[in-house]
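**Q** Take a look at the letters that make up each chain.
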Amino acid sequence: MLFKDQLSFVFQHMRKNKLRVTMTVLAAMIGCAFLIVLASVGFGLQATIKGEILNQEDITEINLWGDEPLTQEEMVDIEEIDHVNVVLTRNEISGSIRSTFEDREVESMGIAVNMEDQAKLPSTLSEGRLPENANEIAVGYHFARALLNDKDREIIEQKSKEAEEQGTWYDGLEEGYKGEILNKQVNVQFMDPETMEYLEQISTYTIVGILDEPDYEFQIDSSILFSDDLFLAQPNLVSYPATTIYVDTLDNVLPVLDQLRESNYQVYSPIEQVKELDLFFLIFKIGLIFIGTISILIASIGIFNTMTMAVTERTREIGVLKAIGASPNIIQRLFLMESAFIGLLGTALAVIVSYGLSYLINALLPSIVAFALSDENADMAGITFSIIPVSLVLIAGGISIFVAILSGWRPARKATKIEVIQALRQEL
Amino acid sequence: MITVQSLSHTFKIGKKGKEKKIEVLKNIDFQIQQGEIITIVGKSGSGKSTLLQTIAGFMKPDSGSIKVNNTEIANFNEKQSAAFRLDNFGFIFQNFQLLPNQNVFENVELPLKLKGVQASIRKHNVKIILEKVGLTDYADHYPNELSGGQQQRVSIARALITNPPIILADEPTGSLDSQTEKEILELIQQLNKIDNITFMIITHDEEVAQIADRKLRMHDGILLGDVKHVI
Numbered sequence: 001m002l003f004k005d006q007l008s009f010v011f012q013h014m015r016k017n018k019l020r021v022t023m024t025v026l027a028a029m030i031g032c033a034f035l036i037v038l039a040s041v042g043f044g045l046q047a048t049i050k051g052e053i054l055n056q057e058d059i060t061e062i063n064l065w066g067d068e069p070l071t072q073e074e075m076v077d078i079e080e081i082d083h084v085n086v087v088l089t090r091n092e093i094s095g096s097i098r099s100t101f102e103d104r105e106v107e108s109m110g111i112a113v114n115m116e117d118q119a120k121l122p123s124t125l126s127e128g129r130l131p132e133n134a135n136e137i138a139v140g141y142h143f144a145r146a147l148l149n150d151k152d153r154e155i156i157e158q159k160s161k162e163a164e165e166q167g168t169w170y171d172g173l174e175e176g177y178k179g180e181i182l183n184k185q186v187n188v189q190f191m192d193p194e195t196m197e198y199l200e201q202i203s204t205y206t207i208v209g210i211l212d213e214p215d216y217e218f219q220i221d222s223s224i225l226f227s228d229d230l231f232l233a234q235p236n237l238v239s240y241p242a243t244t245i246y247v248d249t250l251d252n253v254l255p256v257l258d259q260l261r262e263s264n265y266q267v268y269s270p271i272e273q274v275k276e277l278d279l280f281f282l283i284f285k286i287g288l289i290f291i292g293t294i295s296i297l298i299a300s301i302g303i304f305n306t307m308t309m310a311v312t313e314r315t316r317e318i319g320v321l322k323a324i325g326a327s328p329n330i331i332q333r334l335f336l337m338e339s340a341f342i343g344l345l346g347t348a349l350a351v352i353v354s355y356g357l358s359y360l361i362n363a364l365l366p367s368i369v370a371f372a373l374s375d376e377n378a379d380m381a382g383i384t385f386s387i388i389p390v391s392l393v394l395i396a397g398g399i400s401i402f403v404a405i406l407s408g409w410r411p412a413r414k415a416t417k418i419e420v421i422q423a424l425r426q427e428l
Numbered sequence: 001m002i003t004v005q006s007l008s009h010t011f012k013i014g015k016k017g018k019e020k021k022i023e024v025l026k027n028i029d030f031q032i033q034q035g036e037i038i039t040i041v042g043k044s045g046s047g048k049s050t051l052l053q054t055i056a057g058f059m060k061p062d063s064g065s066i067k068v069n070n071t072e073i074a075n076f077n078e079k080q081s082a083a084f085r086l087d088n089f090g091f092i093f094q095n096f097q098l099l100p101n102q103n104v105f106e107n108v109e110l111p112l113k114l115k116g117v118q119a120s121i122r123k124h125n126v127k128i129i130l131e132k133v134g135l136t137d138y139a140d141h142y143p144n145e146l147s148g149g150q151q152q153r154v155s156i157a158r159a160l161i162t163n164p165p166i167i168l169a170d171e172p173t174g175s176l177d178s179q180t181e182k183e184i185l186e187l188i189q190q191l192n193k194i195d196n197i198t199f200m201i202i203t204h205d206e207e208v209a210q211i212a213d214r215k216l217r218m219h220d221g222i223l224l225g226d227v228k229h230v231i
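Order-wise, the sequence lines are chains A and B.
Residues in the first sequence are numbered from 1 upward in steps of one, following UniProt numbering.
Residues in the second sequence are numbered from 1 upward in steps of one, following UniProt numbering.
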């Protein structure tokens, strides 16, 4: 029997039982759509969280741990590893640093780096340039706003109180120095690492650069970036070195990590979080697909019933077909095609419905969540609740059609077992 | 053409353990020659329909041999039987056995579809056959829109569409009035004479049996007579 004729035979029967077939297709559709939408939440959350991690600027950075700072020899060895761009040691100065400018002052943390190495990295400055000598510094994005005088402090205290009464908080960034701080001089006092008191010695530095705005709104950066020549002028300062290895691309981070570990360095990269995250979400998604498959199995009971009824109703017809020479294989194939087509139709509709639902979820859920949290300003931008990748469509479609064929299997086998003589005796 | 030797079959009826055996075919021997019309007459329960069903491959005999053009078909499995039927046998049933949701054209072309014949060839062949059985104008009608005689003509057309050498007919006029019966029998005789088609007809009607070249009689599973007629 030609495939075309088999198809037309199947469609003819489906048309004959339109209502029953439609309801079965709907059941298959609901089952498959439930699976797709459920699993799409796993895909959506994974993409959101992974995106957050990958969007961090430090994603191509490898942090080096260890009690001892790197020797010059070790630095060179690491720099020679393929795909390593820069090895930069940041020396975090012990204790805070007091900077005064006009009648204002700010306490901040200080970091000293080798400016030649720093210059090899993509610029982290929003304005100005990197310090070139011991008397120059770059300051954090919020440094000027953190320079407060007594009046500012009073206003901040008052505004903080008001904010607290309203259940919020005030970060003080509306106060502070509002003028141009670049190329201005500030007086700096370091802390005695032993007594934790500010030293009397005052050094004057020129601000030549302002660092980039931090990634997150809640971060306030009022730090000071010194050239490591600082330690020549201030030999008594204590600092804590932290070495970061900068890799050229994201893809090369893991191979470099492996090489460093082979050389017994203790290293860590945020990319490893992604690896762990992928594993977690793989298990999570398998779990969701498993739960979703249960709904498809429930729908398959409908397909089984429909096909069993179809075989029972068409017993005489099957008898006639067999009598005039239809092989059992053809009979079985016709019924399997019918159940597969119900599954296929249900899946196709489910895919369309799922994409629609996914769009609605992503459009409406952020507002609903914000409303539920009673925070209209809740930052839901960048959060994707549901994503339906092609792989999910293929997996869900595969499961749905496979289960549909499986449901039709027993009725189809039953059809092949029908005895011609018994079937021909049946009345119309 | 068809050679049946020592064919026996027993039905088991009743519950397991208390089964009753009924011998429906007892050591049957006979031959049918190409181009013959042979009728098998007998009372209800004599085993004549069982004999036809066994030859058709609807059931396997307990023992014996059935050869069609020297091919032993008694031990065919279901798949082999189906393929053999499609190529060698046409069937005419007492209650026509047409598919109610398919029109005359579709009912007649069904065996060709099963054989995998292209639609254009099917259309041509069905047209010729419908002309032959006098139903050219009824191609689009559904079985419930036709008289008994017309339905039986559709059934005959379906049996003939693959040009089988043998037509097996089980009470072909059993559901028809005497006038229609006469017409159908004339059609069978005409097809036999013009196309040299072999007919094996099961009937309890002695008048129908008269069209045969040979009339065999069954009684309690035994084939009794083999009387040659000259029509």
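Treat the hints as calculated values from the structure; they're not laboratory data.
Glycine included, C-beta positions come from ideal geometry on N, C-alpha and C.
Worth double-checking, as some hints may not be accurate.
In silico DSBU-like links for lysine-lysine, alpha-carbon gap of 35 Å or less [said to hold, decoys possible]:
no., chain 1, residue 1, chain 2, residue 2
1, B, LYS115, A, LYS4
2, B, LYS182, A, LYS4
3, B, LYS43, B, LYS182
4, A, LYS151, B, LYS132
5, B, LYS18, A, LYS4
6, B, LYS182, A, LYS285
7, A, LYS414, B, LYS12
8, A, LYS18, A, LYS4
9, B, LYS182, B, LYS127
10, B, LYS16, A, LYS4
11, B, LYS79, A, LYS161
12, A, LYS414, B, LYS182
13, B, LYS79, B, LYS60
14, B, LYS182, A, LYS18
15, A, LYS18, B, LYS123
16, B, LYS12, B, LYS67
17, B, LYS193, A, LYS417
18, B, LYS123, A, LYS178
19, B, LYS115, B, LYS67
Residues of chain A placed beyond 12 Å of chain B at every Cβ, according to the derived structure [to be verified]:
no., residue
20, PHE3
21, PHE9
22, GLN158
23, SER203
24, GLN234
25, VAL238
26, PHE284
27, GLU317
28, LEU344
29, LEU349
30, VAL420
**Q** Please go over all the hints and tell whether each is borne out by the structure.
**A** Tested hints:
no., hint, in the structure
1, B/LYS115 with A/LYS4, "13 Å, holds"
2, B/LYS182 with A/LYS4, "40 Å, violated"
3, B/LYS43 with B/LYS182, "21 Å, holds"
4, A/LYS151 with B/LYS132, "114 Å, violated"
5, B/LYS18 with A/LYS4, "50 Å, violated"
6, B/LYS182 with A/LYS285, "74 Å, violated"
7, A/LYS414 with B/LYS12, "23 Å, holds"
8, A/LYS18 with A/LYS4, "21 Å, holds"
9, B/LYS182 with B/LYS127, "24 Å, holds"
10, B/LYS16 with A/LYS4, "46 Å, violated"
11, B/LYS79 with A/LYS161, "91 Å, violated"
12, A/LYS414 with B/LYS182, "41 Å, violated"
13, B/LYS79 with B/LYS60, "13 Å, holds"
14, B/LYS182 with A/LYS18, "42 Å, violated"
15, A/LYS18 with B/LYS123, "28 Å, holds"
16, B/LYS12 with B/LYS67, "26 Å, holds"
17, B/LYS193 with A/LYS417, "39 Å, violated"
18, B/LYS123 with A/LYS178, "92 Å, violated"
19, B/LYS115 with B/LYS67, "23 Å, holds"
20, PHE3, "10 Å, violated"
21, PHE9, "8 Å, violated"
22, GLN158, "87 Å, holds"
23, SER203, "97 Å, holds"
24, GLN234, "95 Å, holds"
25, VAL238, "91 Å, holds"
26, PHE284, "49 Å, holds"
27, GLU317, "6 Å, violated"
28, LEU344, "23 Å, holds"
29, LEU349, "26 Å, holds"
30, VAL420, "4 Å, violated"
Consistency with the previously given hints fails for numbers 2, 4, 5, 6, 10, 11, 12, 14, 17, 18, 20, 21, 27, 30, ordered from lowest to highest.
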